[in-house]
Amino acid sequence: MTLPRWPIVGRRPELEVFERALGSGERAGLAIYGRAGVGKTRLADECAGQAAASGHPTERVAGSRTTALLPLGAVVALLPDGPGQLGSDGQVNTVALFEQARQALHDRHRGRRLVTVADDMAQIDPASLALLGYLAARRAIFLVATVRTGEPVPDLLTDLWRDGRLERIDLHDLSRAHVDTLLHLALGGPIEAGAGQEFWAASRGNPLYLRELVLGALQSGALVDRSGVWHLEDPLPATSRLLDLVEQRIGGLPPEARSVVELLALCQPVELSYLETAAPPGVLELLERAGLVTITVDDGQVRLAHPLHAKVVRAGMPRLRVRAVLLAQAERLAAASPAPSPAELRIAVWRLDAGGRPDPAVLIRGAHLARSAHDFRTVRRLMEAVPSGQLDAVGALLLGEALYELGAFDESERVLALGQDLPSSEQIALQLAVTRAKNAQWGLCQPEKALAINAAARAVVTSAPLAEELVADEASVLTFSGHPDRALVVLGRTAGGGRRTRVVRAIAGAVALAAAGRTAEAVALAQAGYADHVALGDEPGIAHPAMHVVNQVFALAEAGRLAEAEQVARAGAEIVAAQRVPIAQIWFAVNFGRVAILQGRVVTARRFYAEAAGLCQSSRFAGSRRVALSGLALAHAMLGETDPVTRALVERAAAPAFGFLGPEQRLADGWAASAARQPAEAAEALRSAAADAASTGYRVTESWLLHDLMRTGGEDVSGRLRELADECDSPLVSARARHAAAAQARDAGELTGAADDFEALGAMLLAAEAAGEAAAASSRAGDRRAAAASLRRSSALAAACEGAATPGLFHLATVNASPAAPLSGREREIVLLAVTGMASKDIAERLYLSVRTVNNHLQHAYAKLGVTSRAALAQALGSAI
Amino acid sequence: MTPEQIILVQSSFERLGPDLPAMTALFYQELFQRDPSLRPLFTTEMGEQRVKFAQKLTEIVQTMPRLGELLTHTRALGARHAGYGVRAADYRTVGDSLIAALAGVLGEEFDTATREAWELAFNIVAETMLEGAAAARPISS
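Chains A and B are the protein sequences, given in the same order. Numbering follows the numbering used here, in which position 423 of the first sequence is assigned residue number 423; successive positions increment by one, without gaps. Numbering follows the numbering used here, in which position 39 of the second sequence is assigned residue number 1039; successive positions increment by one, without gaps.
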């Protein structure tokens, strides 16, 4: 696989140095210094490319092991007649030969300097260097030389430098921003935060390593494009080309230094005090001087300077050597730090890596340490190494939870079920049950199984607080399988219990309350739950603390507090992206999407839902993916993008049924049918979904579905919406009811009031639609002035909706007299302002356009509408509304 | 960029709303304060210049999620700026001034994450403009 392009990034100032040097005439050349892989050759070639583009002749010479043996071997290209003839004294007359070469170049290029890239000066033979120096000094060539840091600098360059005729560039690794820029341009789109971080951590800004890492990850399928966002789904592979590159860097080390590098590659960081006694004197200094190791003074630890070196050295070491080093280090560390100690995790991993069979007790203690760092991969490795006969209930809990977190849901179910059969404390038995139920619910997408697991656990539990927690957990399964009403009934049975129970209750309750339209209680409960959870700490069997924040966003959206919802979501999403908690990342993205849909920012919604769908795929949450794909189809449909709607719905059909937000998922079906101009199907989908919402307790969703039934099909839903508004404390539900009643009565004043309500909530699309209907109502009542004002308002509000194409905005589209040549968005916007009597100059100011552009747009619109004046335009529009 | 960063850039820009002209004015103030030698590069009347800048910035922010479209804009824009004599170092000054102007107008809302997102977005725009500039500018010798 090749990349479409690998642009040169972060090197423009250097390229300008080259341009100036070449243009000035005073300089004879440019020397580029830097470490291996920093991009010297790439920069030199780019210099030549730019020179060639401006009409300069260019040439490239490079040394190699073979040409180094042959005098003038590297520069044959610069010699018109080959390396010359032997003179009568049996020698080559170099002065004559050089002058001949100069003359020939001068003639061939008509006096223009030949821009000559001399790559890797250390490999070029002395005679060739002499010729290059001769030609550069006499303006026959402009030299672009690359020199690797630490290698001898040829006299030719020092001479030119001393005479002030050489420009010099020291090239350094790329900054984080440049690495991110390079990734964005090379991959052609955004990358998920964690993946970007891994490329940065592994490459540390070395462009060559970065390129190999990206290519390797694309080739191995670790780096994949999911709905327009790049995700890293497996660890970065060490390709043979990378092995080669790193070997070039450390290949020449003496054996003692090499062993230190190998030791660090396997076991870093290692204490300086130990290395000072273990390695011969001078070795560490050598490595530090070569830039291969770094020593942190404050903690006295030594590490390899480049993380990639560790990876590659490890991959290139013989198996037996790895084993010997790891076992020796495990012995040493075990002797120095008696158990239990934090070193046990490292010891256990080393012994495992060495192919040994560590003491299961050590493995389990190591797994606990890894769990506390949320390192589920290591937990899985350590626990899978415990012989199955020796796995106890606690071990099964650790392993089962790690398997769930890593998306191995079937294996998780097997291990947790096994764990439930092992003897354990009641506390552990409970955690096994709730973790297994969580896996059944979110992973396997089998809520009945989750409820059965919960019921079985409740049947045997004896401790009252634990029983309370199981009840709360039952409510959680109900909430997240699409039964907020039943969840609230169950929650009504529980009040006591400790902090842990309160936390579980808050997770289930906040969402169920919000869905039921008790949004104020819901927001408060989510906030209290978060505070309790932070005080409780991270415990197995409960969702991540960030899920309370997700729930708060959901509740704020149901309350119509859209700006707040967006703000809270942003703060929360940043935290979980940094910590890489997939389930929370998914649900932040979904909730971002929901909020954006409600705000009318449909393109933004589309992007968030697509991101959520991608995250679900890489973390294997198939049920959550169904919700994300429904949102994606909804956003596409509201944009009138019919083919992508179908694609999203086909993809969704492959996902298992998922009850959570079930009725809301069917907004997608309704809007898809509406976008496909199948009003009967649209109405049927929305009506039946609203009935399901009513029967499961999704009151706010029911109002959404009914309201959309009106928006897409004009159906009278005002009666039921009024009831819902009375039952819910959400101004969003009330605004929907007001809108429906006003639309039914064709009451311009009330429609304007509904638009005001929606606009105050930040629901711009709904406000635009209501204002448009107000315009139509005023027009019917003969109030042209009010009609024009409402129309203008509707148009301004619609401008915030990122191109939404809902039936409610068709009144704006009807301005398009001829469907063959519809007005562009900009034309429509200008026409709607012009018709109110606004002067072109004022329109220009308002839209940040020039007056000429405004007039151009108007002329185009006139042509399309077949009118010739503003007055005629107003008439054409008057009939349209 | 991450998808979140793209959204951050777009939503913070949207929040400028009616303050966009104020931000633009502040930007030029910052720019000329940082480097008065840039002043003569602007031959257009400043009021019109500000409107043009706001318009271009809006276009760029809107096309941020669609790289192909963005590149068409930025490369052409870079080629034009090469003709005005703008250099890589000037882009830094422009970037710093833009960030300062955004921070000035958005206040506390311009938090660290938003700043980082803008810095990266600007870097992408600057790099691709410079790419367009390099293709357009012959080296004289």
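Errors might be hidden in some of the hints.
[Unchecked claim] Covered stretches of chain A, going by a simulated chain B footprint (3 or more residues, C-beta under 8 Å):
1. 154-164
2. 183-197
3. 230-240
[As the list claims (entries may be wrong)] Quick list of simulated restraints, FRET-style, between CB atoms:
4. A:A760 x B:Q1029: 28 to 38 Å
5. A:D375 x B:Q1062: 57 to 67 Å
6. A:G25 x B:G1085: 38 to 48 Å
7. B:Q1029 x A:P342: 29 to 39 Å
8. B:Q1033 x A:R677: 39 to 49 Å
9. B:Q1062 x A:A456: 53 to 63 Å
Don't read these hints as lab results, they were simulated from the structure. Every residue gets a Cβ at the ideal spot worked out from N, C-alpha and C, and that includes glycine.
Status of the hints after comparison with the structure:
Counting residues of the stretch 154-164 of chain A whose C-beta sits closer than 8 Å to any C-beta of chain B gives 0, which falls short of three, so the coverage hint is violated. Evaluation of the coverage hint for the stretch 183-197 of chain A: fulfilled, as 9 residues show C-beta separations to chain B shorter than 8 Å, against a requirement of three. A count of 0 residues in the stretch 230-240 of chain A with a Cβ less than 8 Å from any Cβ of chain B is obtained; the coverage claim is therefore unmet, three being the minimum. Checking the proposed 28 to 38 Å range against A760 (chain A) and Q1029 (chain B) shows it holds: the Cβ atoms sit about 35 Å from each other.
Between D375 (chain A) and Q1062 (chain B) the C-beta distance comes to about 41 Å, which lies outside the given range of 57 to 67 Å. Range check, G25 (chain A) to G1085 (chain B): Cβ separation about 20 Å, and the 38 to 48 Å hint is violated. Between Q1029 (chain B) and P342 (chain A), the C-beta spacing of about 54 Å breaks the proposed range 29 to 39 Å. Checked against the hint of 39 to 49 Å, the C-beta distance between Q1033 (chain B) and R677 (chain A) comes to roughly 57 Å, which is inconsistent with it.
Between Q1062 (chain B) and A456 (chain A), the C-beta spacing of about 55 Å keeps the proposed range 53 to 63 Å intact.
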